[in-house]
Structures are given as structure tokens and as C-alpha cells.
Amino acid sequence: MSAPVPLTHITRARNGRPAKRRAQFTVNGEPVDVLFAPHKTLLEVLREDLNLTGTKHGCELGECGACAVLVDGEPVLACLVLGLDAEGRDVTTVEGMADGPALHPIQEAFAQYGAAQCGYCTPSFMLTAQVLLEKNPSPSRDEIREALSSSICRCTGYVKIYEAVELAAARMRGEEADILEEAIYGR
Amino acid sequence: MNAFEWVNATTVDEAIGQLGAASLLKAGGVDVLDRLKEGLDAPPRLVNIRTVKGLDRIEGDAATGLRIGPLVTLAALDVHPVVRKSFVALADAAGHAATPQIRNMATAGGNLLQRPRCWYFRSRDFHCLKKGGDTCFSQHGENQYHAIFGNEICAIVHPSALGTALVALGGSVELASSRGKRIVLAEQFFLPPAAALERENGLAEDELLTAIVVPPLGASARSAYTKVGEKESFDWPIAEVAAVVERSGANVSRASIVLGAAAPVPHRATAAEKLLAGKPLTRETARAAARAAIEGATPLSENRYKVTLFENVVRRTLLDAGGVR
Ligand SMILES: Cc1cc2nc3c(=O)[nH]c(=O)nc-3n(C[C@H](O)[C@H](O)[C@H](O)COP(=O)(O)OP(=O)(O)OC[C@H]3O[C@@H](n4cnc5c(N)ncnc54)[C@H](O)[C@@H]3O)c2cc1C
Ligand code: FES
Ligand code: FES
Numbered sequence: 000m001s002a003p004v005p006l007t008h009i010t011r012a013r014n015g016r017p018a019k020r021r022a023q024f025t026v027n028g029e030p031v032d033v034l035f036a037p038h039k040t041l042l043e044v045l046r047e048d049l050n051l052t053g054t055k056h057g058c059e060l061g062e063c064g065a066c067a068v069l070v071d072g073e074p075v076l077a078c079l080v081l082g083l084d085a086e087g088r089d090v091t092t093v094e095g096m097a098d099g100p101a102l103h104p105i106q107e108a109f110a111q112y113g114a115a116q117c118g119y120c121t122p123s124f125m126l127t128a129q130v131l132l133e134k135n136p137s138p139s140r141d142e143i144r145e146a147l148s149s150s151i152c153r154c155t156g157y158v159k160i161y162e163a164v165e166l167a168a169a170r171m172r173g174e175e176a177d178i179l180e181e182a183i184y185g186r
Numbered sequence: 000m001n002a003f004e005w006v007n008a009t010t011v012d013e014a015i016g017q018l019g020a021a022s023l024l025k026a027g028g029v030d031v032l033d034r035l036k037e038g039l040d041a042p043p044r045l046v047n048i049r050t051v052k053g054l055d056r057i058e059g060d061a062a063t064g065l066r067i068g069p070l071v072t073l074a075a076l077d078v079h080p081v082v083r084k085s086f087v088a089l090a091d092a093a094g095h096a097a098t099p100q101i102r103n104m105a106t107a108g109g110n111l112l113q114r115p116r117c118w119y120f121r122s123r124d125f126h127c128l129k130k131g132g133d134t135c136f137s138q139h140g141e142n143q144y145h146a147i148f149g150n151e152i153c154a155i156v157h158p159s160a161l162g163t164a165l166v167a168l169g170g171s172v173e174l175a176s177s178r179g180k181r182i183v184l185a186e187q188f189f190l191p192p193a194a195a196l197e198r199e200n201g202l203a204e205d206e207l208l209t210a211i212v213v214p215p216l217g218a219s220a221r222s223a224y225t226k227v228g229e230k231e232s233f234d235w236p237i238a239e240v241a242a243v244v245e246r247s248g249a250n251v252s253r254a255s256i257v258l259g260a261a262a263p264v265p266h267r268a269t270a271a272e273k274l275l276a277g278k279p280l281t282r283e284t285a286r287a288a289a290r291a292a293i294e295g296a297t298p299l300s301e302n303r304y305k306v307t308l309f310e311n312v313v314r315r316t317l318l319d320a321g322g323v324r
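Chains A and B, in that order, give the protein sequences.
Residue numbering for the first sequence follows numbering that gives the first Met the number 0, starting at 0 and increasing by one per position.
Residue numbering for the second sequence follows numbering that gives the first Met the number 0, starting at 0 and increasing by one per position.
One chain only, chain A, in its complex shape (with noise of 0.2 Å):
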């Protein structure tokens, strides 16, 4: 009953070692064009191979959120999706958020509220966040808190991040919206 497998579909082990993969995938909107061992996850082809290392190695478990990216648009764990995987398909990563030198409102309310200390989260947090502005352009706190519950923050406590989002939102809802003072000197 099974057909058999055409063979282009399969790389054969040599002596223990994988014989490089080519896969052909966009990032941030890009053709691109990478050979790499088939073990390799898609965090590691992002950061390794492509030198886009704004996509961070956290936990490698699923446990952080760290490593997001969107594929197909959808935020999805870097670390557990093999770069195999990725074959066909739109990646996009915290690099692809400007547009060249101009920052994207989410990434200019994060820095204007300090929604980043250390940084290590923030790609996730803004990338996640992107992609549910796009759904819904004026989420409520409860929305944002669910949309980002996949990215654990060790820094900041969160407000500041949702304050951003929420700043972001109503900036891209065409609002005159600025920052709100007591959220950076405290309440």
C-alpha cells in the first residue's frame, strides 16, 4: 500500500554525521538559501548561519518564550521547530520589525517606556505583541497578558511591557498617544 519515498526527500547519515540539508525559506521578507545539519533547530540556523541573533537561546525546553519568531505569521518557539522546518515557509524575526531606520511604534514605546532592562525578552515580547495588534488594534490589558503569557520576563515585571503595548496599540489606532509620566517615575 505505501509508495515509496522519493529519495530526494531523505539525507542519508555518513559515518555518524549528517550530510548538510539545503532548505529554502524568506526571513524578515528575503529569500534565503542555507545549508545546514539536519539537527540544527531553527534558533540555531537564525543565529549560526544567518547572523541574526536578535532571536535569543533561553531554556531550549519551551519553558521561556526567548526564542520566538513568527512563522507564517504566527509566533512560534525557535528552539523546538527544527530549521528544516522552516522549508517553504515566511520567517520573520525581531530584525524585520523596522522598517530600515525607522523603528516599528512597538519597538519605539518599549524604549520610551524602558519595557527593556536586560533586553533578553523583549524580541519575543515585541514580536508576539505584533502579531496580535494586527488581530486586534485595541486589545484589552487582560488580551495583551493572554497574547503574551508565552515570554517570561526576569527584569521588569511585566507593567511596564503591557503599558508599551498598550501605547503602541493606540499609536497605531492613528491616536495622538503619549507615555504616561507616572508609569516611568512610578505610581
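Just so you know, the hints here were simulated from the structure itself, not pulled from any lab data.
Heads up, the beta-carbon is just placed ideally off N, CA and C, and yes, glycines get one too.
All the pointers check out, no bait thrown in.
Quick list of simulated restraints, FRET-style, between CB atoms:
no. : chain 1 : residue 1 : chain 2 : residue 2 : range
1   : A       : N50       : B       : G132      : 41 to 47 Å
2   : A       : A18       : B       : G179      : 33 to 39 Å
3   : A       : G87       : B       : H126      : 39 to 45 Å
4   : A       : E29       : B       : I152      : 53 to 59 Å
5   : B       : R303      : A       : E174      : 50 to 56 Å
Start from chain A and add chain B with the ligands according to the hints.
For chain B with the ligands alone, coordinates are given in the frame of chain A:
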């Protein structure tokens, strides 16, 4: 991670043709990557089935029941209008697992077939019973998250939220191999340690899970699911319950109550179900059923708290399914 060959299967037959001792299937990869990184599995070949066409659909409705492709993600199940409206326990089980990002990756089939999260099993430093050793380290070790029922041999809890809901809903899995197809009731598919120590279900090495089948609920039946974890996000449950309450007039004609994170398989609370049958669902009968549900529990040194927790979660889930406020 070991070096492996990589195969993209594009059809069910191609996937089946690749099955065998040398291959490990990968759907969403959430569980598989974790196991590869820990060295629990070191397959010569990884077969990617995410590329198989047509396995990511949800078909059917409240009247016909559902046929769910194994590649449907937990995120998709959570928001599917029919699942949300008519199979609430399934939608909530999917929607409360892990985190939004993991739910975007994790597939329904992979969720049912994921390996247990017992930290002794997951650690390469412990050669436990499940891995062919001669000791279940949880019996006298760190067992605060382990089973309170059926834990005599091995005290893992079944890790699948969908499994808990599927058993409560009377669902089945469709398994295909070169020998043909078979449909197995979820309740019989999951196997306790006494029946299969080194695996958790009846999937044969040459079989592919090709569908999850959920029968229609009666017109007067409603389902519910509750999860309690230590954190709202990221965590596996320390207790979860899926329940179906079907009424005939004012009384419960049939109740289905299944506890997850309680035993090595989704654990049916038979005594509680019997107690409710023929009675109205009230705060009092729900409390009595909840007490019946935890009778016979055999907690370990660190997990006695789960018994009380389950009593409360069963009661709340029953009231929720029955619409009693
Ligand atoms: C931080 C974290 C928290 C989590 N919390 C929860 C939780 O609260 N509740 C919960 O239920 N889960 C939880 N999970 C587990 C997660 O939901 C599962 O790992 C995931 O659903 C597995 O699906 P997958 O598609 O990634 O499977 P994969 O990793 O691709 O596969 C899992 C297993 O199933 C086999 N397999 C997959 N599909 C098929 C098929 N069609 N036929 C035959 N074999 C197949 C694979 O060979 C493998 O052995 C959590 C995971 C993480 C990392
Ligand atoms: S590094 Fe991927 S989730 Fe922590
Ligand atoms: S800013 Fe340091 S972890 Fe979030």
C-alpha cells in the same frame, strides 16, 4: 541531539511507508525535540509528517460528531466555532494547555501521543522502569506532581489534556498501517503500566494516527473542562477534569467524569458517575460525587494535596457542565 536522516512525507501512504524501529515521527515537534535534546530518543531517521496534506481539517458538527485531523493545532481547536460551541471540554482542554505559542505548534495527534513528563523519565540520569530499568524513582522520591491513582508500578500521570477530554467525550482514534485501518476507543487506547510499561498507548510501531473521532453529544448533554496549575501560563496541570452531564428531565441520565494528571491514564471516576445517575445535579449531589471521585486514592509521600484539589475540581467541573451556579 543525534545525527539523523530527515524525510518529508507528503501523503499518508508515504508516512506509513517510513514507519518502523529506525524512524521517529515528528508532527509539531514540541515533544519530539525535547526528547531528542535530552537524548531520550536517538532515531536514525526523523519523519516529518507536518508536510502530509489533508490531515489538518476539522470536519462535522454537533449532530454528526467530529473528525479531527491529527495535524490540527491546539490553537485551531481552541477557536474552532463548532468545537467551542458544542464540544466545550475539548476546546477548553486545547485552549488551556501550555502557552499560546506552543499551541500554535502542537498538534492534536502529538498531544495524545506525547510521552510523560515525569522528571525521572525525562532525565537521562535515571534509568527508570519505563526505560527498562528496575526502579520507579518517584515512589520514594520527588513525587509531588505524580499519580494518586493506579500508581503502584509506575506513578507517571498521563500528560495529554486532549486525552482527558477525549475519554470524557467517548471519543476514539483512527489508526492506519499497511495492514489497514482500525478505530480504537480512547479509553482503551491509553494503557496503564500493568499493560504496557514502556509505552502509554496501543499505537503499534507501524501505525499512524490518522484521525480523532468524537461522537455527537446528546441534545441535552453539556461538557466542561477545568485545569489547575501552579502558574496560569506554561504549566502542565496539577489537576484537570473533563466532564459531560446529560439530562433527562430534571435528572442526570448520564455523567462522564474523567480526571487528568491523576493517574498513568486518563482516570474515569466510575463511582461518581454512578452516584449522579438518576439524580438532579445540585451543589449537594455534585459534592457527593466529588467525594466519591477521590475515594480509593493512594497518594504518595508528597502529593496528598492533590486528593483535596481533585475533590474541588471535580465538583466545580460538574457544576460548570450542568450549568449550576
Ligand atoms: C512548556 C510546556 C507546557 C506544556 N503544557 C501542556 C499542558 O498543559 N497540557 C498538555 O496537554 N500538554 C502540554 N504540553 C505538551 C504539548 O502540548 C505537547 O508536547 C504537544 O501537544 C505535542 O504535539 P506535537 O505535534 O508537537 O507532537 P510531536 O512532538 O511532533 O510528537 C509527539 C509524539 O507523537 C508521535 N506522533 C505525533 N503525531 C503522530 C501521528 N499522527 N501518528 C503517530 N504518531 C504521532 C511522535 O512520534 C511523538 O512520539 C506542554 C509542553 C511544553 C513545552
Ligand atoms: S529558548 Fe525556546 S522557549 Fe526558552
Ligand atoms: S528585560 Fe530582562 S528578561 Fe525581560
